[in-house]
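Trainee: Residue strings, one per chain:
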Amino acid sequence: MARLAAPSLARGMGSCIRSARWTLAAWALMMSCSLMAQANTKLKVLVGGQHRPEVIRELLGEYSQLNPGVVATLDVGGATSELLQRYLNTVLSARDNSIDVFLIDIVRPAQFAAAKWAEPLDSHLGAGREARLAQLLPRYREANTINGKLQSLPAFADAMFLYYRTDLLDKHGLAPPATWPELAATARRVLDAEKDPNLQGLSFQGRAIEGAVCTFLLPYWSLGGDIVKDGKFSFDRPKAAAGLAMWQRMVADGISKPNVAEVGTDDTRKEFQAGRVLFGVVWGYAWNLFQTAKDSKVSGKVGVIRLPSMENGEPVSCMGGWNWAVSAYSRHKAEAAKLAIWLSSPEVSKKLALRASLQPVYADVFRDPEVIKAVPWFADALAVVETARPRPVTPMYRPVSDALRINLNAVLAGARTPDQALNEIEHRIARALRP
Amino acid sequence: MPQPTNRSLVDRLSDPSERTLAIWLLAPAFTFITLIVVYPVLVLAWNSLQDARLLTGQPARFSGLENYVFLINDAQFWRAAKNTLIIVAVTVPGALVVGLGLAMLANTAMRWKGPVRLALLLPWAMPLAFVGLIFAWFFHSDYGIVNDVLKRLGLAPVIWSASASLTLAAVCLATIWKTSSFMALILLAGLQTIPRSLYEAAEVDGASKWTQFTQITLPLLVPSMLVALIFRTLTAIQSFDIPYSMPGPGEDTQTLAMYIHMNAVDYLDLGYSSALAVVMFGISMLTTWVYMRHIRREGGT
Amino acid sequence: MNSLVSGLSNGPMLRAMAALIVLVNGCFPALWILATAFKSEVELTAKPITYWPTNPSWDNFVTAFRDQPLPVYLFNSVVVALGSMLLSLFLSALAAYAIARLNLRRRGLILACIVAVSMFPLVTLMVPLFEIMRSLSLLNSYWALILPYTVLNLPICTLVLVSFFQEIPRDLENAAMIDGCTRLGALWRVVVPLSAPGLFTAGILAFVNAWDEFLLALSFNSATAWRTLPVGIQMYQGEFSFPWPTISAALVIAMVPVVIVILIFQERVVGGLTSGGIKG
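In order, the protein sequence lines correspond to chains U, L and Z.
Take the first sequence: its letter number 375 is residue 374 in numbering that gives the first Met the number 0, and every next letter is one higher.
Take the second sequence: its letter number 278 is residue 277 in numbering that gives the first Met the number 0, and every next letter is one higher.
Take the third sequence: its letter number 37 is residue 36 in numbering that gives the first Met the number 0, and every next letter is one higher.
Please keep in mind that the hints were generated in silico from the structure rather than gathered at the bench.
Positions of the beta carbon are idealized from the N, C-alpha and C atoms, including for glycine.
Take the hints with a grain of salt, since some may be wrong.
Incomplete in silico selection of chain U near chain Z, CB under 8 Å [claimed, not checked]:
#, residue
1, Q84
2, G230
3, K231
Some chain L residues well away from chain Z (every beta-carbon gap over 10 Å; in silico) [said to hold, decoys possible]:
#, residue
4, I32
5, V42
6, T55
7, R60
8, L64
9, N72
10, A88
11, P126
12, H139
13, D240
Ranges of calculated distance between the beta carbons of each label pair, as one might list FRET restraints [unchecked claim]:
#, chain 1, residue 1, chain 2, residue 2, range
14, Z, G107, U, Q419, 16 to 24 Å
15, Z, E266, U, R56, 32 to 40 Å
16, U, P375, Z, C26, 39 to 47 Å
17, Z, M12, L, L219, 24 to 32 Å
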């Protein structure tokens, strides 16, 4: 009996199994379909208010179209470097995973490396790593690589430039200066000739903002000084004193206005734009406004060159810019890294240059004909950006920055003598960089 | 011992179950206090003995009194302490005097109780941070109303934010403006409880208004003043919101609270900021103790 | 001096002047900000400055809403203030009842302990709380603020409620208990409803305190979605500039809820402040 039942049982089981197999397959297909529908990876990107969020949003939209399954949304933080950093401080020190990709200031990679807040991108670049890094401007490549690991990839570059009034210099037959003393002499001649009480010879940042760190460092670097050498504090006091003295002389000789300690970055820009400044030391964003702002009185009369050097010194500029980093606590590191790599690619760099006049980190993009047509001054800018120097590279950048800018401001405001200021700088930076 | 079956009300009140009830009623509040105040203070003391700097990525290391040693030699700490002391010394008596003046003015204008009370409540209701922003705007060197008034009076405009002392003066002014209203409210209530009969009796005795003020008004206001003063002083020691919103040159107008905040949130130096906080805690406790002794000597509230 | 002091208490003219001084002192900054909120940026930088806006426009308000998510900040402030107010009221009602009604031997000490909380410098607590919130991953959340605010408001709420509870005649409770209520039952059915004004007052004080708080909100909740109003207003500060007209507009918007609250509840607020303040 069992022998008779066995074949029919087997046949029955066979058909059972076959239909089960079909059911299983159908079920698996349905599950994977629904899983794929839910498999949209959501990435959160953080930028500051000053980073043209509307342009970044467009780019993120384009990325989502190129990479279906990934949805990137934008969060906008404070509009200053400090506010944005404070936000990141609270989020990352709490190991929060709510942000995947964020912009960090050019001075931060060291801090992120030490605190292990950024996911190193070397492995994510894979085989294309060397090729990509070779395309970058060398200084930017260095700035993002800490202890051999790539902490972030550059988003856009920046440097400090010397803007000058071509019309005023031409009128008096003068050439743009190459050293600070030359600048003072040139400015003196123009000021004497123009006899305009509202015209300033030189406008630079004296207020205790991040830009003041550059103000301190420009002459110091020019003379060959350094702040952090091989991870240790190295302070050349005579050179620092010479730098401070140079700025003080500008004020004393009437080239710069007496309350220069109040002047912030945008103040210089606004006053230059209103036609009240002969030489201005400002970042790259000013150019666009000088040329295209409705109330600009200097449109078509602006020249841009690299900053002067100290007598017998090297010409230097202060390096700026922002970089894309991936959070070490992100739940989608691979996807986030892919997004960061795309955002820092030459193609996107070109888009940022065309849409927001943000300087690229690729020499090729600087020389791209389309870009030059849209932003003609980039041709001159490349030379400056290539030689711009990074501010002290250390995880403790914040206290170092505070020490330098507070004291520069105090000296210019007359609240402290250069000696006192230099003492405090040494003391504070030594403390910040203690092992 | 057998309990009586019909217990009087008094027995009920001192029943052990009352004590249990008391514990249950007080437990929630004290649990929160332990969690949010007592435990953190202990953590604070412990952290102050560590070298814990989140930015370096190194683990915390026990460093004993290193942080305190540095603190004593830290010029920035002493500057912040000095700024805080100035603010306390100016705004506490200042708020009292201005508050007393406002209270007396309000007392005579009680016909318009509503608007007067509103005018005293509005500053109290405004967040300190907003008050700081508003007064920073008032004292702006180019577009502020203070300089405008000076110019109209023929005086030279002053660059308030370029000088530490001027900025501190502005900060004190803003603080006094905000806190004097609160003082005024308390003093006003106190003024209104003083019976007219006292003044009338003094008039009959031929006392001048000034004598009435010093012999009747002030002494009777002392209880309300003292409590308000303690809280005003402790708050002044912790000044943060207004000096933060009204920055002066560099860090010259930084208060202790601002310095602690900078070390904790910007520098992520947990060890040193804890040491600073312990010091501030000590200063607050000392101040409270001084006040308490004074109150006890004066005969209490 | 004599005549000045005597003059101050007589004369309708001088009464009016006294009222005017108090009014101007209290309302002037708010009115100035209100005027600024309607001015344009260009007008602001004109010299000499104008007092009254020449072309009042709502532009700044539009910009204020556009540049920062003010509704989000408003919502966060409301949630945090309400949450901590309710929690604080609950905890302090229980504690105040124990102190006011139960015959505890050390009630003075207990009350003093609670009041002592307000003597702890906030910034002192901020540092360890930051560390605790950080390790509990509570930074950038509502609890990060509600928990500390609750404790910060305990002293004032308890003080106010103790004085209100003490004024309710014991007989009412005893009557309820004779009718079969337990102590707690008497608390919820008799004492609390009768002291509703006190609860109200304590509630408003707690609400306004929480609304105003800046230091903890700045340190714990700096993420956009979690910011409260005082912190959010700071965000208008640009990389290079301080847009005063926009900030003024934002300040006006931020002040409206609180102004409405104190307009409606003036009496209670003043009553609460003075009873809590005087009775120490």
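Trainee: Decide, hint by hint, whether the structure agrees.
Mentor: A quick look at each hint next to the structure:
For the restraint placing U:Q84 at the interface with chain Z, the shortest Cβ-Cβ distance is roughly 10 Å, beyond the 8 Å limit, so the hint is violated. Residue-level restraint check for U:G230 is violated (minimum Cβ-Cβ distance to chain Z is 27 Å; threshold 8 Å). For U:K231, the interface hint is violated, since its Cβ never comes within 8 Å of a Cβ in chain Z; the closest pair sits about 29 Å apart. Not every C-beta of chain Z lies more than 10 Å from that of L:I32, the closest at about 6 Å, which undercuts listing it as non-interface.
In this structure L:V42 is not separated from chain Z by more than 10 Å, as the shortest Cβ-Cβ distance comes to only about 4 Å. In this structure L:T55 is separated from chain Z by more than 10 Å, as the shortest Cβ-Cβ distance comes to about 16 Å. Every C-beta of chain Z lies more than 10 Å from that of L:R60, the closest at about 16 Å, which supports listing it as non-interface. Against chain Z, the non-interface label of L:L64 holds: every CB pair exceeds 10 Å, the least being about 18 Å.
Remark: the non-interface label on L:N72 is consistent with the geometry, its nearest Cβ contact in chain Z lying 21 Å away (cut-off 10 Å). Here L:A88 stays apart from chain Z, with its beta-carbon at least about 17 Å from theirs, past the 10 Å limit. Listed as outside the interface, L:P126 is inconsistent with that label: its C-beta sits roughly 4 Å from the nearest C-beta of chain Z, within the 10 Å cut-off. With a least beta-carbon separation of about 8 Å from chain Z, L:H139 fails to lie farther than 10 Å from that chain, contradicting its non-interface assignment.
Not every beta carbon of chain Z lies more than 10 Å from that of L:D240, the smallest distance being close to 5 Å; the non-interface claim is violated. With their beta carbons about 53 Å apart, Z:G107 and U:Q419 fall outside the hinted range of 16 to 24 Å. For Z:E266 and U:R56, the Cβ-Cβ distance of about 50 Å falls outside the hinted range of 32 to 40 Å, so the restraint is violated. Range check, U:P375 to Z:C26: about 54 Å between beta-carbon atoms, so the 39 to 47 Å window is missed.
The hint said 24 to 32 Å for the Cβ distance between Z:M12 and L:L219, and at roughly 28 Å that hint holds.
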